[in-house]
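S.K.: Use the sequences and the hints to build the structure in full.
Protein chains in written order, with my numbering: chain A, 2 to 329; chain B, 43 to 293; chain C, 645 to 845.
These are calculated hints, taken from the structure and not from any lab test.
Just so you know, not all the hints are guaranteed correct.
For lysine to aspartate or glutamate, the following EDC-like pairs were computed, each having C-alpha atoms within a straight-line distance of at most 16 Å [said to hold, decoys possible]:
id, chain 1, residue 1, chain 2, residue 2
1, B, K167, C, D830
2, C, K836, B, E292
3, B, K168, B, E152
4, A, K315, B, E193
5, A, K233, A, D21
6, C, K836, A, E33
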Amino acid sequence: MYGGGNTFEPMKATGIENEDPVLLAEFEARIERGEKIEPHDWMPQLYRKQLIRMIEQHAHSEIIGALPEGTWITRAPGFKRKLALMAKVQDEVGHAQLLYSAAETLGKPREQMLDDLVTGKSKYSNIFNYPAFTWADSCFISWLVDAGAIVNQLANARGSYGPYCRALERICAEESFHLKYGHHCVIHLATGTEKQREMMQAAINRWWPPMMHFFGPPDKASVHSEILMRWKVKMSSNDDQRNQFLDMYVPKIWELGFTIPDENLKKNTVTGKWEYTEPDWAEFKRVINGDGPCNAERLAVRRTAEERGRWVRKALLTPKTEYVTPLA
Amino acid sequence: MNTLAVKELLYKMADDQLILGHRNSEWTGFGPLLEEDIAFSSMAQDKVGQSQALYQLLHELGEAEPDTVAFTRNADQFHNSQLVELPNGEYDFSLIRHFLFDTAEALRFEMLTQSSFEPLAKLAKKIQGELRYHTMHANIWIKQLGSATEESIGRLQKSLDEAMPYALGLFENSEFESDLISSGVFAGEEELKSKWLEQVEKIIDQTQLTLPDVLTLTPKTGGRAGIHTEHLQPLLDEMSEVFRIDPTAEW
Amino acid sequence: MNKSLDPRVNRLDLPQGELTPKVPLDQFGTFEVFVQLKEGKGYRHEGSVHAPNIDMAFLFAKEQFSRRLMCAGIFVAETRNVFVTGFTEDKDSIYNHISDDFPEDGEIENYEVFHLNKRGKQHEHIGSVPSKNHQHALAQAKGEFIDGPPVFNIWVIKTADILFTEEEDMIMWNTLHEKKFRDASDYKAADKIKAFKERQQ
Ligand SMILES: [Fe+2]
Ligand SMILES: [Fe+2]
Ligand SMILES: [Fe+2]
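M.R.: The following block contains the structure:
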C-alpha cells in the first residue's frame, strides 16, 4: 500500500542548468515518446535524486504499512480471515522488497535505506502512524487505505522509470486481492450484527481524517511539481488522486449504509469534483514530523526487528558473495 | 477402522499445525531480514492451511466446523504437543523449533501417504511439495547458522538443548497406537521417532552443534492429553478474541 | 512507550528511550531471479533478492517471486556472474555490434543466453550455447539470432553459475492454485450487498 503526499526534495534551484543540454534533451524526448528510462540510461542528477527519494518512501510505507494491520494478525476471526490477513501483510513486506530493489538500481543500497528509516531520516506514508483499535480498523485499512494506494500506484505505474514501473505492475496485481479481501470484510461487518456495524462505523469515523490526508496537501503549481510531472516522476496531482478516490469509494461506503464524518462531503454535479471540509493540514504536518499517535512505536518496532536480527545477518555475512546493484 | 483412533490422530496433527502456524505468523513484519520474513510467513500460512484441511477431515467424520473447532475450544481440549505452544523467543529458538518440528511433520505425512484412511493419504500426498520446501528451508538455515559464528552456534545450541525435551513430546504415544498400526492408518509414533532422530542427526552432524543425548532426556509429554504449559490458554484467548465477540456471526 | 495495541509488539520488549542509529552492515550479495510460469513456457527475469549464498537466494526467491497463481520452476544466479552487453535502440539489434572474435581461453561448457526484446520489459531466457567464455557465447548466439527480431540487450550466464530447480523439487508449487485465500476472485459478496439493500427498503 502507499499513497500520494510524497515529500520531495525542496528545490530552490533545480540544478538542471548544469546538465548537458544535448543529453537532457534526449532524455526528455525519450520520456515524451512514452519510453521507459532504464538504470543504464543517462539521467539528470535531479531525476535520480527525486526518484530514489520517492521509491524509498514508498518502500518504507510498505514495510511500516505492514504494522497497523499486523496488529490483528494473531486475532483474525476464522480460518479464511486468518490466512488472508497473513498473506496480505506478507505481501506488503514483499512490496517493500520489490521497491527497495527498484530504488537500489538508482544507486542507494538497501541497508542504507533501512538505516535512514529507523533513524527517522526518511519518511513514510503518514497514515500508518495511526492505531488500529479494533478488527474493523484492519478491515478499513485493507479496503480503503489499499484502495487509495491503488489509485496512486496505478498512476505511478505509468511513470518513466522502468524498474519502478515493473515493481508496481507486480504490486498492483497483488493489490487487487487486498482490495477485494478488505471490501469482503467490510461487507460482512456492514451486513452482520448490530455490534459489527457499530465497530465498522467507529472505524470509518476514526480513519476518515487520515484518509483525507493520505494523498497529501493540495497542489500548488510550483517549479518542482511541473518538472517532476514533465519527467513522469509525479504522475497526477494530489487533488486529482483524492478526487478519484472519493469518486470511486464514497458511493461504495454509503451503499453499505455507513456515514462519513464530514457533513460537507458531496459531489458538485456541475464541476464533477468532490467538495469536503478542508482537512487539518497542521495535524498532517505534525504527524509527518514525528508527533503522531504511533510514530514512536512504528519506528521502535522496525528498529527492534533490525536489532534482533543483527546476529542472524552477521552470522550469514560472508566475503564469498558481494553486494552489487540489481540489474533491472 | 477405529474412528476414535483416527480422530485422535487427526486432532493432534491439526492442533500442532494450527498452533505452530499461529506462532510462526507472529514473525510476519518482524523478521531478521526482508526475504526471510516473507519465506517464514509462507510456511506459517501453509501450516494454518494444513490444519484447516485436517479439521475438515474431522468435520467429515462428524466433528464441528473447522472454525468452531479451532476458535472455540479451551486449552485442555487441545491435543497439540507442548513444543508448538512455547513462545517464539528469539529467531534461534523459532528456527530450531521449525527444524525439529518440520522434520517430524514431513516424515509423518510421508508415512501417511500410505495410510489406509484414504482421505488422509490423499491430503498427505497433496502437501508433499509444501513440506519439501519447509524442510529444505529448515535444513539450509540450520546448517548455515549452526556453523557460522560463535554467537550463532551458541544461540542455536542453547535453543536446541531447550527444545529437545519438548520435541520428544511430539511422539507421545496414543492409547490407540496399536489400533492405528494394525489397521494401517499410521505406522506409529515409535517408528516416526526413530526416522526423525536419524534425520535430525544427519543434519546436526553437518554443523558444529551437538545433539543432546536423547536417552538422558525426559520428554515433555501431556500435550496430546490436553495438559499444557501456561502459554497455550493466552494464545487461544488472543487467537479467538474477535471470533468470540459473536461466534455465530459471519466475520 | 505506552502499551501497544498489537499483542505481538508487547511481546517484543521494545527498547525504551531515544532511537539509537542502527549500525550499518555490509550487505548480502545480489542474485537475479528467473521464473517459469508454466511448463513449456520460457524463463523470464522477475527481479532480485539479497542473500548470503545461492542456496538461500533460492529459498528467498521462491517465496518472493512464486508464491501466487502458478509456477513451474525458478532459477537464480549471482548478479556479478551475469555478463551484460551494451544497449541498442529502435530497429538496431545489439547483435550487429557483437564481435565475431573472442578470447580463446576457457574450456567448452554451457552458457545461458537471455534477450531483452522490448525496452521496458524483462529479459527472457532464449537458450544455451556451448562456449569457452562469455564472449564466445555471444559470438555463437549472434550466428543464431542476428537475423531474428531485434534484440536490445543480452545477458549471458555460465550454466554452472546458475542454481536450477531440481526435478524432484518441482512439486513445491503443486498446491499454489489451491491457495484461494490470496486470490481476488475468491472474495465475491455482491449477494450480501443486494440482500442488505433489500432489507433496508
Ligand atoms: Fe502494498
Ligand atoms: Fe496492499
Ligand atoms: Fe511445515
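S.K.: Now look at each hint and say whether the structure bears it out.
M.R.: We went through each hint and held it up to the structure:
1. Pair hint K167 (chain B) plus D830 (chain C) does not hold up; C-alpha atoms about 25 Å apart against a cutoff of 16 Å.
2. Taken as a hint, the K836 (chain C) and E292 (chain B) pair is honoured in the structure, with Cα atoms around 11 Å apart against an allowance of 16 Å.
3. As the CA atoms of K168 (chain B) and E152 (chain B) are separated by approximately 11 Å, the hinted pair is consistent with the 16 Å bound.
4. Under the criterion of a C-alpha separation no larger than 16 Å, the hint pairing K315 (chain A) with E193 (chain B) is consistent with the structure, at around 9 Å.
5. With a CA separation close to 20 Å, the supplied pair K233 (chain A) and D21 (chain A) exceeds the 16 Å bound.
6. As the CA atoms of K836 (chain C) and E33 (chain A) are separated by approximately 47 Å, the hinted pair breaks the 16 Å bound.
When held up to the earlier numbered hints, the structure conflicts with 1, 5, 6 and fits the remainder.
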